[in-house]
Amino acid sequence: MVQAENPRHIGARVLRFEDDRLLSGAARYLDDIVRPNMLHLSLVRAQVAHATILGIDSSGLEDIGFPTQVFTAEDLGGLAIKAHQDYPQMQYSEQPVLASGKMRFVGEPVVAVLADDPYKAEDAAELVFVDYDPLPVVGTMDQAQDPSLPTLFDGWKSNVIVEREMKGGDLDKARAEAAHVIRRTYSTQRQAGVPMECRGVVAEYNPSDRVLTVWSSTQFPHIVRTCLSEVLGWPESRLRVIAPDVGGGFGVKGQVYVEEVLVAWLAVKTGRPVKWVEDRREHLMASIHARDHLHVLEAYVSADGRLLGLTADVTVDNGAYSTYPFSSAGEPGMVGKVLPGPYDFQAYHAVYRAVATNKCSIGTYRGVARPSAVFSQERLMDDIAEELGLDPIEFRLKNIIRKFPYKNVLGFSYDEGSYAESLEKMRDLLAADRAEAEASKNSKTRRVGVGIACFIEQTAHGTPDFIRRRVPIETGYIAARVEMEPDGQAIVDLGMQNHGQGLETTMAQVAADALGIEPKDVFVRHGDTLMTPYSVGTWGSRGAALGGGAVHTAATQLADKLRAIAAHLLQAKAEDIVLGGGKASLKTDAGRFVEIRRLARIALRNADQMPEGMVPGLEASFSQDGPADGTYSNAVHAAVVEIDVPTGKMKLRRFVVVEDCGVVLNPMIADGQVRGGVVQGIGSAMLEHFVYDAECQPLTTSFADYLMPQAPEIPSIEVHHIVTPTPLTPLGAKGMGEGGAIGPAAAIANAVSDALDVQVTSTPLNGNAIWKLSAGLRDA
Amino acid sequence: MRPASFEYHKAADIEDAVRLLAEFGDEGRPIAGGQSLVPMMNLRLARPGHLVDINALALDKIEFDGGVMRVGALVRHERYAGDPRIAEHFPALLDAVHWIGHPTIRRHGSIGGSLSHADPTAELPAAAVLYDATMIVRSLEGERRIAAADFFESAYVTALQPGDLLVAVEFPIPPANSTGSFMEIGERRGDFAIASVGAAIEFEGGVITKAAIVCCGADLVAIRAPDIEAFLIGKPLAAPPAKEAGAMFAAEVEPSSDHVAGAEYKTALIGELTQRAVEAACARALERK
Amino acid sequence: MTNITLEVNGTTKVLEVEPRRLLADVLRHEFGFSGVHIGCAHGACGCCTVHIDGVPRLSCLTFAVQCEGKAIQTVEGLGGPNAEHALQQAFKSEHGLQCGYCTPGFIMTLAPFVGEMAAQKRMPDEDEIREAMSGNVCRCTGYHGIVAAVRKAIGDQLAEGGK
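Protein chains in written order, with the numbering used here: chain W, 1 to 780; chain F, 1 to 289; chain C, 1 to 163.
Treat the hints as calculated values from the structure; they're not laboratory data.
Certain hints may be false.
What follows is a set of in silico ranges between Cβ atoms, one per label pair, in the way DEER data are often shown [stated by the list, open to error]: (1) Gly101/W / Glu23/F: 24 to 34 Å; (2) Gly80/C / Val268/W: 20 to 30 Å; (3) Asp133/W / Ala263/F: 29 to 39 Å; (4) Thr5/C / Asn606/W: 40 to 50 Å.
Derived pair list, reagent style EDC-like, types lysine to aspartate or glutamate, alpha-carbon separation capped at 20 Å [said to hold, decoys possible]: (5) Lys152/C / Asp20/W; (6) Lys10/F / Glu16/C; (7) Lys651/W / Glu126/C; (8) Lys651/W / Glu128/C; (9) Lys651/W / Glu436/W; (10) Lys649/W / Glu63/F; (11) Lys651/W / Glu16/C; (12) Lys651/W / Asp125/C; (13) Lys243/F / Asp779/W; (14) Lys152/C / Glu718/W; (15) Lys649/W / Asp258/F.
Only a predicted model underlies this, so the values are computations on that prediction, with no experimental measurement involved.
Virtual Cβ for every residue (Gly too), placed ideally from N, Cα, C.
Using the sequences and the accompanying hints, generate a full structural model.
And the structure:
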């Protein structure tokens, strides 16, 4: 690891540069983009979950009184997004940009209707009718595995999209040695991601330079560009994708959607700019969903409480389509990969599958399968401890990995972490609550419970991890270009996209440290493929580790050049020069210095003052790939709940996080990421449930029915950091953007289990669920 | 998600409003705060051809007069908390309003709007049913009085006809020896109730002399429980058979399940909330003496 | 189409609008105040909160034609281009925003609350602060920084008032 020379800004609580424009209302989100002569798109969407399309009738538009244009799949000529995993176990499918021949989920786009303003476009869309013949609905995991029901795609053998396995070690030995076999089934419900800004796309073709520009509320403009280029057959050099200010992503905006392809195609076809702004009902029904898992786990445990082996059977209700670029294989595969967790055992076998149903497709929402995997893993750990009569924290400490690097049963290498340390710290923090929980066992009407979740998170995974997957995302590197201007101000063109993580600030801190200037003198640009280097975008908890690494490395290259020029002017050696506070000075005599902005001017303008042989210019780029197995953050989450047994009403009294993500770039921002993730995790645990009826009609299509945490339900979230720098990334930083969302379901479920002395096997833990779980107490 | 087209009319006074509503018949809807109506319009679930804006009408008084509290239809939900007369005479109403939505909704939502919208689990309809309120309705034909028991016909359906305007709600003022309580359970603070129960009692010499119980969540409208109300008469304030009253009510109701709460849960909640509402009302009664 | 005169952030315009145009859309497009954000268009998230005659109101549940003769203020008018309102600065110092989409709605909802507490010369407890923002949804911050920002803004005003 190369540490920043004199870290003065890395690690500091620098206030965010993006805030002033966000606070004043000056930020420009997708719906703020207005192009001259723009058309507005309203989509006619499928109103039934599974049907053959017989015809589309837009004759109702003839008398509507204003101009409209209508397009169907026929006009698009087979345009589709393909997200296939290139292994024989995955059945092939494509998602047509507009439903073609069949409709496969309620909300699927079927007809595109254009008008001059969005109100009129919606009026027009109402008058277009889709004639269809209903097909039997495949609505559940069981139905997806029922051979008597039709397959969603012609030519499929079944509705199991993909089934694969991962294994390692000697399970027969583990079974033979086990004194206890504990088998459990766990499930987590389907939910939506819900950034506060819905999706949106604007596209415009400019015939004067033949460039097709697409603005999209996206997390990864380069990936969007490549996909659009492939689908539309448009050269990437003449395709510009711009992510403006984005109002939350959380991975929901880290897929490439059919609407993005459609709007781009419509702009070219009509010769006018086209805009589509998603509404909240569309977002809930037809963006992506997440979680919706069923796990059957079996643990083999020795007489003295050592975990010997684990098997898992994992099913994900995938919905209708394979989303781009991670594919349907992504979600179940992630569970298979992460179930071994932070515990020291070496026998494992997981079989995992994604099944197709007539629902919205599953995609990568914050945590990506790990909230469900950790729910099962940590519920199982508590269930085992309960069965063996062991304290849940002591049982975990008995099995936690302590020596690093650790090669896990699947061959993944875990770098140094504070797994045991964080458990011990949490144990201390919870002492009083645990005592209160114990005392509350005397009451049948009011119970207090404490639960923890201990987990690790693979972050910043490198190219080898993606190659294994054989899906349309083949790498995970982040690129950055750093340049300095003649006035000494720096620009960072970042291949990531900032939608709340404070990258305009943290990346400025990193560059400022390397260059010896102030963060306010670094302008971080992002989101526009025209000016940023090719990169995978913002997802997978890699901003600090890889984005920061790329910025640091590129800035260091620039810094080396600045030092060389300074050395030349001061007649010293470059290694004796230190950059800081806007100056390049002698390590041994701070009074002898040259201002950095003078060095910049020389490098760009006064080339005669450069050292012999140096070429003018002050720009460097770097693409930072992740370590082969990524770098592992660790955390322990704890929830303290109070349950009113007769009503099932549960109050979340306290939520504590002890987490270790290595070097922290900006503690204010890191804490914000943890807290935000935690509250989304609390939503997953207690409230957020996307519900379909037996005909796969969505029931929760507005915020009146799809419930998310609001301020009164949330306690103050306590965050404690341990810092174990990793040798695997340039700054010693690990990823941490998703961790907050991974632990709460497990911690809260374990707290409920503790409070009510029952096993908890599913979420959400809403009032009805808590009431049912407390039946034993009420009857007693 | 934008509404279908409509024409907008701003009524200057009640006469103007009822004239306009008569003219537009079932294509006309009054709009006050819009907190219930406009979401339906944006979702295109409601598509009135004509909106009659009644915000200029002088319907925003709370008057105590002749044994009756008369609440103008435009009284906003946040008004009740600041009025000590309501805390004294209608504590269950005050409790109920506490559960409505969130600050902005309480600021702009009106009792007229809430009662006309008739959501099955809304708090103000429940309070109207609990206190045997009377709705004062104006139309071109004149004034009509509709008892709360007759006003709420089904979920989102009231006795209001096209051309009607709800102008006020009259709550008979209970005698001095009276109090009440309202309990609600929902998933989050301001959500629609999964179940709620209100109790209003009159008392004398340490015993209950009259009782009213209302429940939301058991049916498509708020319902009363006459046999439980009769059961409570004569029972002591210091030891009311609240648990038994709850069990009786739970045995009677047949709520339906939805995606948030099953019928069994709702039934159990109704029993538990009945017990708590009765206990709380009696405890308040003892404090007053 | 109806002719209306609207006053927004001190600027008055005469417009011809359909009655069904939401105030939120008119503020965003006819007036160019893009700080008004639409999160749900059914009154359940608070993103679109503006002030009408000083009182917070959801602009997605208000038709522009209803606002004749009223003074409307958006976040742009509250603190100007440099976000100078005390609450805005407190959001910055306490990390009360991340993506910024819900932020104007929170600011417009909470600024009067901060003012009321300062006028009553008291610091509300945590429950009261969270209740005041119970109609605004944030997905990024977990509400923690927003609660801290409200405390900071009230605290600063109480300290100033004490001098």
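Cross-check of the supplied hints:
1. Distance hint for Gly101/W and Glu23/F: a CB-CB separation of about 50 Å, inconsistent with the stated range 24 to 34 Å.
2. The hint said 20 to 30 Å for the Cβ distance between Gly80/C and Val268/W, and at roughly 41 Å that hint is violated.
3. Judged by the Cβ atoms, the range 29 to 39 Å given for Asp133/W and Ala263/F holds: they are separated by roughly 35 Å.
4. Taking the beta carbon of each, Thr5/C and Asn606/W are about 60 Å apart, not inside 40 to 50 Å as hinted.
5. Distance check on the hinted pair: Lys152/C and Asp20/W sit about 17 Å apart at the alpha-carbon level, within 20 Å; holds.
6. Straight-line distance between C-alpha atoms of Lys10/F and Glu16/C comes to about 17 Å, which keeps the hinted pair within the 20 Å bound.
7. Annotation: proposed proximity of Lys651/W to Glu126/C holds, straight-line Cα distance about 15 Å (limit 20 Å).
8. With a C-alpha separation of about 16 Å, the suggested pairing of Lys651/W with Glu128/C holds against the 20 Å cut-off.
9. Straight-line distance between C-alpha atoms of Lys651/W and Glu436/W comes to about 15 Å, which keeps the hinted pair within the 20 Å bound.
10. Proposed proximity of Lys649/W and Glu63/F is contradicted: the alpha carbons are some 38 Å apart, above 20 Å.
11. Taken as a hint, the Lys651/W and Glu16/C pair is broken in the structure, with Cα atoms around 50 Å apart against an allowance of 20 Å.
12. Distance check on the hinted pair: Lys651/W and Asp125/C sit about 18 Å apart at the alpha-carbon level, within 20 Å; holds.
13. Pair hint Lys243/F plus Asp779/W holds up; C-alpha atoms about 15 Å apart against a cutoff of 20 Å.
14. Between the alpha carbons of Lys152/C and Glu718/W the distance comes to roughly 19 Å, so the proposed pair stays at or under 20 Å and holds.
15. A distance of roughly 18 Å separates the Cα atoms of Lys649/W and Asp258/F; the hinted pair therefore holds under the 20 Å criterion.
In summary, the structure is inconsistent with hints 1, 2, 4, 10, 11 from the numbered list given earlier, while agreeing with the others.
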